[in-house]
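Student: Below, each chain spelled out in residue letters.
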Amino acid sequence: MWPGRFEAENVHEIDITVKFLVIVNESPWGSDLALAANRFVGAALESGVEVAAVFFREDGVYNALQGENCDPGTPDLTEAWGALAAQSGTRLLMCSSSRARRFREQSSPAFIESGLTDMMELMIGCDRVISF
Amino acid sequence: MPVGDALSIGLIIRSRPYLQRSARSQLDVALVAAVLELPLRLYFLGDSILQLQNARALEKSSLPAGYRAWASLPDLTEVTVFAEPSWLQRISGAELRTLLTVVPKTVAAMRADWQGCGKVLVL
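Chains as they are written, first to last, in the numbering used here: chain A, 1 to 132; chain B, 133 to 255.
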């Protein structure tokens, strides 16, 4: 099971040898799961945990849709994900078929079009898969 | 007692037919895993097992027949399918059939079984 301890209250206690794949299924506005995923990945990276990639599927691909107005005080998750990827080099992969079913607009350049085969191969190669 | 193996992929399927943007999004994940020849363990929670029922009037409702591809999974890899006994009873009570052979398992027993999978993904 876990090679080290995991405490939800304190992400710094995650064993740094564990490699994560994070899957985001929700849009920035449908629930707070996408925001939680962003904060989780940021905290994990900050504490030295390797995040192999963040894979956006289903409504999660809306996280890549840039140019949407955000209410004051609400985070712009497209920008937040882009900044996180720029700082850490973590890949942001977006399911191309989920995207094709949802929007045609230009997505943020921080997001790379990918497919479910990549997601499955990443799943096999990672120690833990966390789905939001 | 977990019975899966370290390479197996467990997919927990939670939504009934047509609830999502794409009717076959969960099936797509299962098909990709099957194409990679990973042993699959499919856990249908609640009414999601209706995705496998074999008698919907798809043509009349103008909905795609994509769900029938669930039946092709055993040709691609080793597949074991689980669903809650109460929902299987409802299906058989309505004289319907499922596209795949389904093993009845309670949610508690499914939860114990997930521990035997190499990776589990909630869909």
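Warning: the hint list may mix true and false statements.
As the list claims (entries may be wrong) - Far from chain B by the CB rule (all over 10 Å, computed), these chain A residues:
#1 S31
#2 E58
#3 S131
Unchecked claim - Coverage of chain B stretches by chain A, computed from C-beta distances (three or more under 8 Å per stretch; other residues unrestricted):
#4 165 to 172
#5 240 to 254
Derived from the structure by calculation, the hints contain no laboratory data.
Using N, Cα and C, we set each Cβ at its ideal position, and we do this for glycine too.
Student: Work down the list of hints and note, for each, if the structure agrees.
Tutor: Verification of the supplied hints:
Listed as a non-interface residue, A/S31 keeps its Cβ farther than 10 Å from every Cβ of chain B; the least gap is roughly 14 Å. Distance check for A/E58 against chain B: the nearest CB is about 6 Å away, which does not clear 10 Å, and the non-interface claim fails. For A/S131, the shortest C-beta to C-beta distance to chain B comes to about 5 Å, within the 10 Å cut-off, and the non-interface label is violated. A count of 4 residues in the region 165 to 172 of chain B with a Cβ less than 8 Å from any Cβ of chain A is obtained; the coverage claim is therefore met, three being the minimum.
Counting residues of the region 240 to 254 of chain B whose CB lies closer than 8 Å to any CB of chain A gives 5, so the stated coverage by that chain holds, three being the minimum.
Checked against the numbered hints above, the structure breaks hints 2, 3 and satisfies the rest.
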